[in-house]
Amino acid sequence: MCSLLMGCRLAVVVVVVVVTLCGGGDRGRGWGAYGRFIELNVTVAVAEDVNVTEIFRAKEEDMARRGITHDAQLFGRADADGKVQELVWGSRVFPVYMETKMDWYNMTYSYINLDHTFWTVNRADFTNITINSFTNDTTLESVDVEVDWSPPPVPPHSDLSPATATLTSALHHAAINIDNTTVSIYPVDEGWMEIEEVTTGVFLQVVHPHSHRVTQTVTFPIDRPLVAEELVRTLRSLSNGSVALLASYHNTWKGLDASSRTALTSLGSHAAKYLTAHDSWVWAWQEGDLRDLGVVVLASARPQLLYRLVLAVVEQGGAGVVDRMVVSVDGPQQHETIKLLQLLGVPYRVHMPEGQGSPRISRHLRFALFTALKLLTVDKIIVLEEDLILAPDFMEYMRQTSVLLDRDPSLYAVSAYCHFAYVHSARDTTRLNRVHSFPSYGWMVKRNFLEETLPMWPPVFVAVDWDYWMDSELVRLEREVVIPEMPRTDHHGTTGVHTVDPKNTAGFSNKALSNGTHTRLDLAIVMKESYEEAMKEELKRAVPLHVKDPNNFTFPTQQGVVSAVCVKMSHSTDNAAFKHLTRCHRGGRTSFPTYVPTILILLAVTIMCSDRTTTSLASGHEVTHLEGEELARQEKEWEGYTEGLVRLTPGRWLFPSTFIQYADKYYHFKFQEKDVLLMTYPKCGTTWLQEIVWTMRNNPNLDNPMAKAPVNARVSFIEMDTLLKSKKMPDITPDHPLMKGFQMMCPGRDPADGVFLQMTECAPDPRTIKTHLSLSLLPQNLLDTSKVVYLARNPKDAIVSFYHHSRIFKNHNYTGTFDEFVQFFLDDDLIYGPYWLHLKTAWKQRNHPNLHFMFFEDLKNNNMEELNKLNNFLNTKLTEEQLKNISHYTSFSEMKARANLLGDGADMFFNLDIVNKDGGFFRKGEVGSWKGKYTTEQEHKIDQWIKKNLGDLDINFKYSN
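Mature numbering (1 follows the signal peptide of the UniProt record, and there is no 0) puts the sequence shown at residues -24 to -1, 1 to 937.
Listed below are the simulated DSBU-like cross-link pairs for lysine-lysine, each with C-alpha atoms no more than 30 Å apart in a straight line: (1) K845 - K820; (2) K612 - K907; (3) K872 - K934; (4) K641 - K704; (5) K907 - K924; (6) K836 - K860; (7) K786 - K872; (8) K716 - K650; (9) K816 - K249; (10) K612 - K917.
Restraint-style ranges between C-beta atoms, simulated for each label pair: (11) D233 - T191: 25 to 31 Å; (12) L287 - T353: 21 to 27 Å; (13) T530 - Q756: 39 to 45 Å; (14) R42 - D91: 38 to 44 Å; (15) D726 - T353: 54 to 60 Å; (16) N674 - K516: 33 to 39 Å.
It is worth saying that the hints were derived from the structure and are not from the lab. Think of the CB as a built atom: it goes at the ideal place given N, C-alpha and C, for glycine as much as any other residue.
Start from the sequences and build out the full structure, keeping to the hints where you can.
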């Protein structure tokens, strides 16, 4: 899925599809972007006695591989919505699916020539052509022009000759080297820097790049209030070019809040968001200047506009920018323009015009870019046109965004302009977006991109506009362009190929333009991973709008509202409705909203569904929906899993399909320092641990009235929403105690966003939270933020308890045999499985100061000893007498006797006939209850499984008292 987010938070989601069929006939052949295909006429039954003919395209190689003959008669089976899901040929059935993996390197592109023939190319045509192949290209030679010049020559401007700084940064070493002289170095015993003795903090030293002198030395003790904010303010206030060296001391990162980490990341730090509490850190960096950026300007017969542009560039970039600038003049007859450049002392070259109209513009740009490569020794080149107006922070915008081209290979250009930014739709000067498009009206690319692209530039006889050519995958290769919400350029030329059309002229009116002088851009959000996560969140929150007539529809204007308009397309070029919607927006019609809301426009191409789809999660896991025999095996024995199941890799974690709705929310959940997270594999003593820890933290004297509330109301089960979606479960009505509790804890919130998830968010401090999720599915910084108690249980008892649990709860509704259940467990095919990976993931972190690893058997057999360990870990500072009382209060017999421990209304979740026969939620709670439950064969199989998986783990499970 490709995404396009524009000016007023307007987004376009484009799905480009190749339909590949596993069958068909040879009714027509052709060549497309994906290779040779065959057109198929398929008869589809859409209603009783009603057939229609649909035309599909299939890859010829797919047809041949399956032996389908040219005269085969194909019939389509449609679903309830009339969409063809599979094709039938004789007795064979072929699924219809979509192929989204595109081979851009072998794709063929055709562009119309001036003589109405076609220029057809692919990237393979340029395999042996490099930038050096054009050394003798006469069209790239500058034309020497003699002009009548009477005033005396102007002396050259002064050269500031700034110092050359080399910065080195690593985990335990950082240095600043200016003109081969070491100014600062860390660690202390190697050189110049002296760091005062403090236990926590960040030391900052700032060096002037020209005078080589230290201009600022300060220590920030981060453990003190407001100091982290002062560090960020200091870094943001550094002058352009300043060289800074930062070194953190032990335990610094525990005191650095999320906003400060985000600010450091936006300033360019890769490590800030990953550092943990006890990491040491050094960072050598330079507050950027413009020395790495060159400027090439395309000029013609408008010297007055060129003068305005050059003055703006010099004013913002300083006098030294002239050394990194070149102007390309289109035509030797432009004497006034050339005189101006000589007067200003700006380097220039003259291009001999080629072609007319669009080809002339394209070839001039080609000449200008080749010239920039030849004359400018910079890594990034800004491309301007003489008739542009620059915002006051244009050069600052380019300076800040230039780092994105270095760090994100999925980007190929930065543009200063946004076509959808009008005065009513663009407000945020800090926001950047990513688009699948071309740059325009002031843009920047890297040198290596030009070296890659210029050899493929269209010849003079090709009529395509250069920007549309650059937007093709021949050039882009799925890379994207960064654009601002608030433009940094405006187009104010009154003549030109694309300004004579009144429609285009109107499009340039009413455009927004930044008026800031130094805006700190939000660079972190536009990095590929972060941006796509933000887009997913926007999509999840979107409310569909039913728009029949855009001219007579009132779009929502409430702040924070995200809406989606789905535009049906019968084919990939059916974009009339989309264009109409965007015209409504660009023209500023009153029916279309202004800046406040977000509108997502979804282009839905008519496509065939995949027979197996995957989704990526923020945790890095790939989600695959179970299908075929794998799903059939589950559905046969687990009647509660009515909404399907998903498998997460790596790890092979298994969950109900509803897990996808909440997975990223769990991964991004904001745990707090006072939180204690109770983590177990299912049926390993979770409820017992909940009651123990909550009582120690909140009811040490056994007199807290909240103790009468159900345990899951006091200790939130964060992912319970994932488990409740089942047709076997009764509807939870608004008057159910659960919903009443939700409304009390989270007034005004929507239960559709997750009842238990939001109750966890709203729980009062100190929060005690329960989960069966593995550490790998929760925030990466969890152990650096909160305490975690992990309770493990021997697998033999866990299997027996989980079997009983799965039978009594309707959302599982296990109906298979005990032997089949054992096999499910050993095959890692139970919800929350696999058991061993869950255990090992926590076991590896057992020495982390914020994780306490316990065993059910130890808690049962040596209860007071384990409670004392918990007391130390939780820092609850309870007396021996209090611990003895809690030990008795949380014993199995006492908890079983408290009938309301699970809360009123809990019976609706149980299969009461099984409860009455085999016992309820609290059964035995013993060590060794597995004895007598397994056959000899089952026990042998489990023993071998345990031996294989324990490996070299230093764990000795106790299987009896």
